[in-house]
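So you can see what is in the structure, the chains are spelled out below.
Number of protein chains: 2
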Amino acid sequence: MSLVFPILKSVFSKDKDFLHAIRNIIGFTPRNLALYHLAFKHKASAEEAKNGAKKSNERLEYLGDAILGAVVADLLFKRFPYREEGFLTEMRSRIVSRDHLNKLAFKIGLNELIQTTTENIIKNKSLYGDAFEALIGAIYLDKGYNVAQRFIINRIINNHVDIDALESSESNFKSKLIEWAQKEKKSITFELVGEEPTGTGKLLRIKAVVNGVQMGEGMDYSKKKAEQIAAEQACKTLNI
Amino acid sequence: MSLVFPILKSVFSKDKDFLHAIRNIIGFTPRNLALYHLAFKHKASAEEAKNGAKKSNERLEYLGDAILGAVVADLLFKRFPYREEGFLTEMRSRIVSRDHLNKLAFKIGLNELIQTTTENIIKNKSLYGDAFEALIGAIYLDKGYNVAQRFIINRIINNHVDIDALESSESNFKSKLIEWAQKEKKSITFELVGEEPTGTGKLLRIKAVVNGVQMGEGMDYSKKKAEQIAAEQACKTLNI
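Heads up: the protein sequence lines correspond to chains S and Z, in order. Heads up, the first sequence is in the working numbering, so the first residue is 102 and it goes up one at a time. Heads up, the second sequence is in the working numbering, so the first residue is 102 and it goes up one at a time.
No lab work stands behind these hints: they were computed from the structure. Since the structure is predicted, the reported quantities are computational estimates derived from the model, not experimental observations. Among the hints, erroneous ones may be present.
No copy is singled out in the list; a pair is fine if it fits within one copy or between any two copies.
[Claimed, not checked] With a straight-line Cα cutoff of 30 Å, these simulated DSSO-like cross-link-like pairs (lysine-lysine) come out:
#1 156 / 303
#2 117 / 326
#3 204 / 326
#4 144 / 326
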């Protein structure tokens, strides 16, 4: 008894520490703690199950990714009632980008909880974002959509995501294209090739021309926007 | 009075017809009918709003797409508790493919409700799938995640989607791998490297070997499936 007791105690206190940490992060007491343990099990450290499959957080990550996508889609839909679908999609992809999720994972301290090898921490840069998505998957399975939604919005977005800053950092394709052209020693011009009067104004048609060849075209009422669209198209064509 | 009355009546009866049709499709009475009207408004037929934006179903489609993704991710996660994330992702993309959604939209009769031009019906093949997603967006906004989930699973998946058939149409990774090997002039073999008797049968462990090097491994009770899993892994490793 005196031999067994310290071991039990250490297991219990480890579990208690984990429960404590999780509760701090998610803001409520989990029902099924095993789900949360799994969320932090990177495949490099996962044991092999009987059927050859490794029990890691990959399935939870797949699920959490979808739930996060839905919650953020809803949030942006309501926050920007007059913006079009293209803008909403672009904003969403910025919020859920691997890079951004990695940062969020650090901000809420998930890096302390992930079980993996040191080698992997160096090699695998998306480790933290993956665990963050897996945590969302675990919350969803444990408590349902509404609780997962509340966690994402109240705990994460409201505390750690500056949506206005993300909006204004809207990719600047024109400067990207110009930088590239300078580096590659190519000429780049934006040319107004047409104006179409409509009921409300004049639609401008602008070409992005690289070394004399048209690489993109944009139309908009604003010159700046039409150039952006043309530059975006050119970046796509040129694989920049 | 005698002039106004017939007009009012015709508007009312049109709305009543629409309400009736929607109720038949979704299985409950909508709270906010305007959302459902919008769901069937294709951009070609949408009026321009004051701020220049057209009020069409595109925003609802963006939202519905995300909700559908989450619901299907959850469904597959629970239906296939032992399958890996790659399989779940592949199955999900089959269920939510534009082609499949178009077919589902027809099956539940959405084609009768869409407002667009004849020209567009011919030109735009994803019209029906788009409206289907927009309908899911409308249900979600009107009644929340759980009702949208019930609609998708009980009304759509259970009645109109044969998941087993979709599964067996699983991409054939073995032939993909063999084709690649022929093109790249590499040898490819599948080798049985172990048999593990379990309570219910024998688990076969099969390796996919490319130019003498193991590139993937699969385990299953069926030789064919084990080979598929091994080939799938090899395709991943080799970036095919």
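To see whether the hints hold, each was checked on the structure:
In the homo-oligomer, the alpha carbons of residue 156 and residue 303 lie at most 30 Å apart only across protomers (21 Å), although the nearest pairing inside one protomer, at 59 Å, exceeds that limit. For the identical chains of this complex, residue 117 and residue 326 are neighbours neither inside a copy (52 Å) nor across copies (42 Å), given an alpha-carbon limit of 30 Å. Taking CA atoms no more than 30 Å apart as the test, residue 204 paired with residue 326 passes inside one copy only; the shortest distance there is 29 Å, against 37 Å between copies. For the identical chains of this complex, residue 144 and residue 326 are inter-copy neighbours only, at 22 Å across copies versus 45 Å inside a copy, given an alpha-carbon limit of 30 Å.
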